[in-house]
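Below, each chain spelled out in residue letters.
Number of protein chains: 2
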Amino acid sequence: MTAAQQDFRQDFLQACRDAIGIAHFLTADADTAGYLTDQRGRYTGRALAVLRPGSTEEVATVVKLCARHLVPIVPQGGNTGLVLGSVPDTSGKAVVLSLTRLNRIRAVDPVNNTMTVEAGCILQNIQQAAAAQQRLFPLSLAAEGSCTIGGNLSTNAGGTAVLRYGNTRELCLGLEVVTAEGEIMSSLRGLRKDNTGYDLRDLFIGAEGTLGIITAAVVKLFPQPKAQVTALAALRTPDHALRLLSLAQAQCGAALTGFELMSDFCMQLVAKHFPPHRAPFDRLHPQYVLLELSDSESEVHASEMFEAVIGLALEQELIDDAVIASSIAQSKALWQLRELISMAQAHEGKNIKHDISVPISRIGEFIRVTDVLVQQASPGCRMVTFGHLGDGNLHYNVSPPPGIKDTDFILEQPAINRAVHDSVDKFGGSISAEHGLGALKREEILRYKSPVELRLMRAIKQALDPHALMNPGKVL
Amino acid sequence: MTAAQQDFRQDFLQACRDAIGIAHFLTADADTAGYLTDQRGRYTGRALAVLRPGSTEEVATVVKLCARHLVPIVPQGGNTGLVLGSVPDTSGKAVVLSLTRLNRIRAVDPVNNTMTVEAGCILQNIQQAAAAQQRLFPLSLAAEGSCTIGGNLSTNAGGTAVLRYGNTRELCLGLEVVTAEGEIMSSLRGLRKDNTGYDLRDLFIGAEGTLGIITAAVVKLFPQPKAQVTALAALRTPDHALRLLSLAQAQCGAALTGFELMSDFCMQLVAKHFPPHRAPFDRLHPQYVLLELSDSESEVHASEMFEAVIGLALEQELIDDAVIASSIAQSKALWQLRELISMAQAHEGKNIKHDISVPISRIGEFIRVTDVLVQQASPGCRMVTFGHLGDGNLHYNVSPPPGIKDTDFILEQPAINRAVHDSVDKFGGSISAEHGLGALKREEILRYKSPVELRLMRAIKQALDPHALMNPGKVL
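Read top to bottom, the protein sequences are chains Y and C.
Heads up, the first sequence is in the UniProt record's numbering, so the first residue is 1 and it goes up one at a time.
Heads up, the second sequence is in the UniProt record's numbering, so the first residue is 1 and it goes up one at a time.
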């Protein structure tokens, strides 16, 4: 770097510091560390500085400075992503732009069923602000205590209520975005219908910060259900689970808000690592389905609906056994079985995760075919198959055979990933259902995305971020 | 035009004829007339030819020919649009590319709740194919007997079931598109979750054919409700209607699938022009709301829910009277009151239509304020206010004062439009809620869309259609 270049960089850093205040301009290792390593601790990057602007205007000022000095920007929310989308690379050339200080709830409109929130709002705080107005913000996922809505929007997060309420994309009506040029696009409209041009909103949603920086959003709220009731069904195969899904949807319509598949091995791992948690049946069953009903009438009505569905399912021999939770505590205990799977799997040793989706109708066949392919790739490995069956989204994870060292098992990862992702592709599925591409799957997607789609994506990137400064090395 | 240019054009036309067959290459006035005039008969354009390809490959071939010869393309579905989006201008330089021969339903997957349809499928045929599998395709609008799904997608059509099921955008999972370069983008994935890059799907949806040509789509299906029950409530003001909406949503949740506001003057026009249709109450009321419940249980259950809501609404003095339809015939009769308004208004003389939306919570105030503004712009005119209140979408139409000639009244259109649209803008609304921009509102939107949004839209247009051949003069 020449002296002139060094001066130019110092000018840039000085201008950033002036723009956002020295307290929010971080360069000391102790201050920046948490922003440079991903949540699972697999990767640590470097940065010129970590910038924590306190308003949309400050974000715009910083982005303009970056554009002028050609400094790459890595936007970051709660940094809870799983695909290395929110940490910088190791070049040290980029700044991390943390949105966490933009954490105001700007407005709640219970009649319009909308809330205007800044990007750095923690998801759980949004849920609670909605509940305080007798409204539901349905987005719900494991990281909700620390992830931010800006990150949820940028990755189009999924979670456990997609079956009824859709992905984050479906929960957003309007956005405020700072473009790659540092302009502020204020489209914070709380409208259910607006057909006045291209859908810029959905282009920024799911773009993982590579086209611009989401600084605020208008999100949808819903009436709070009067009751939520949970049941656990024991059954033989994923195909039986599919037939149960069709039955439950026909009987319950939109009241069916959760439908999660868990294999027996998942439940065994939970029972082993988190006693006394276990599936509440006399004997083992090959598969389990967790169902949730959200009812606008009453708990009694929800339970009656469940009893009718379970009765029909037993009669049609779709399921072999079932329990309906009769209290909130019981409901929570059933959900915990589902939520403990990831941790139980971690306790069991290294594991290889896949966040995949296929058409719901093909899930049974997909599992049968792919289980064989994975065994060929890694003989003796154990499948930890669970997930949002109602959305066609499986966490199709692989644990090593007993007694194999993690370091040996991890060598098999490329072959296992290839087997799973090639199979997903053959079934018309997606290799990233809800986590995004980030840096982790950026190369992998080139194998599966058509040249036309890649060309269009690159054309859009070039049009909206011509200097390629927005979250470089992610997605594309 | 030089001789060389004429030859070039003749080569182009010959190549198109060869590509799609002479029977589908239309140039005679008698053959092309229906493709050149808009549905309401307000505008007639000209075209080099009307091309009716029979497959996606033929569409791609034609688009490649157009790209090579720099011939503009006007894609057309059922040509039922209301904003001059699907007819060519009068230059005669473009070809009309009709998608109506691409009318196959390629696949129905009732377990995945999806259907793969070609762009030229008539909406009603899709509804029927879904019903044949005990599934619901919920998109429903006045033109459903002749509009095509390709047009619905290109305009992101709304209709009467948006409250529960969303706009066309929300009903689509995957697209097949012929790009402006004539490539085929095959993204016909029937996935509920897929986070592998930019949302190209939603960019083409609602782009009114200006970025590429939608040739097929995977659409979402839903379980068929077991019962649909309709009620009509009589009440005092739009604000009372809003409070009724909140009550009904809290009580019925997703079962509330329709919520339509109609002013007394609307009902008077229907009663005058279509006797014996009239609101079924002893006396006149200032406003009426049509409510629809779709129930996954039974008609009895739906009626009980309605009785509970109506009882509470009477108790809270939100409504003054109500009837619940006790048969399908009665339900239909209530819906007819709503559907006859447009025709009744047409019988009453020339009228000026506005397809606007505002945040639902602001509808009452919007109507009060804007009614005054419109009276100032056109003293004595009569408001025909009705629409999808549950979506914040009003057809806020204006009929002339009695005795005024149509030709005189139409002179006031610019002043009336300006008053209404400026007011919509002040209320954070949209000047085109469900009809799109087409050629009709292309200039108008420049007044209301921010420079940043317009710049981004133009950048995307330039990136995806660099020669500006796709539906020129529409949207942008």
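Source of the hints: derived by calculation from the structure; they are not laboratory data.
Any given hint could be a false lead.
Claimed, not checked - Each computed SDA-like pair below joins lysine to any residue, with the alpha-carbon atoms no more than 20 Å apart:
no.: 1; chain 1: C; residue 1: K64; chain 2: Y; residue 2: E304
no.: 2; chain 1: Y; residue 1: K64; chain 2: Y; residue 2: G54
no.: 3; chain 1: C; residue 1: K449; chain 2: Y; residue 2: P451
no.: 4; chain 1: Y; residue 1: K226; chain 2: C; residue 2: K64
no.: 5; chain 1: C; residue 1: K226; chain 2: Y; residue 2: E304
no.: 6; chain 1: C; residue 1: K226; chain 2: C; residue 2: N351
no.: 7; chain 1: C; residue 1: K426; chain 2: C; residue 2: P472
no.: 8; chain 1: Y; residue 1: K350; chain 2: Y; residue 2: R418
no.: 9; chain 1: C; residue 1: K64; chain 2: Y; residue 2: R455
no.: 10; chain 1: Y; residue 1: K272; chain 2: Y; residue 2: G403
Claimed, not checked - Listed next, with one range per pair, are the computed distances between beta-carbon atoms:
no.: 11; chain 1: C; residue 1: A132; chain 2: Y; residue 2: E339; range: 39 to 45 Å
no.: 12; chain 1: C; residue 1: E443; chain 2: Y; residue 2: M343; range: 55 to 61 Å
no.: 13; chain 1: Y; residue 1: L312; chain 2: C; residue 2: L312; range: 16 to 22 Å
no.: 14; chain 1: C; residue 1: M343; chain 2: Y; residue 2: I105; range: 42 to 48 Å
no.: 15; chain 1: Y; residue 1: E339; chain 2: C; residue 2: E315; range: 24 to 30 Å
As the list claims (entries may be wrong) - Just a sample of chain C residues kept apart from chain Y, beta carbon distances all over 12 Å, derived:
no.: 16; residue: R42
no.: 17; residue: S91
no.: 18; residue: P223
no.: 19; residue: S246
no.: 20; residue: A250
no.: 21; residue: Q251
no.: 22; residue: G253
no.: 23; residue: A308
no.: 24; residue: A333
no.: 25; residue: P402
no.: 26; residue: P414
no.: 27; residue: R418
no.: 28; residue: R442
No experiment lies behind these values; they were computed from the predicted model shown.
Idealized CB from N, CA, C, for every residue including glycine.
Please list, smallest to largest, the hint numbers that this structure does not respect. 1, 3, 4, 6, 7, 13, 15, 18, 19, 20, 21, 22, 23 and 28
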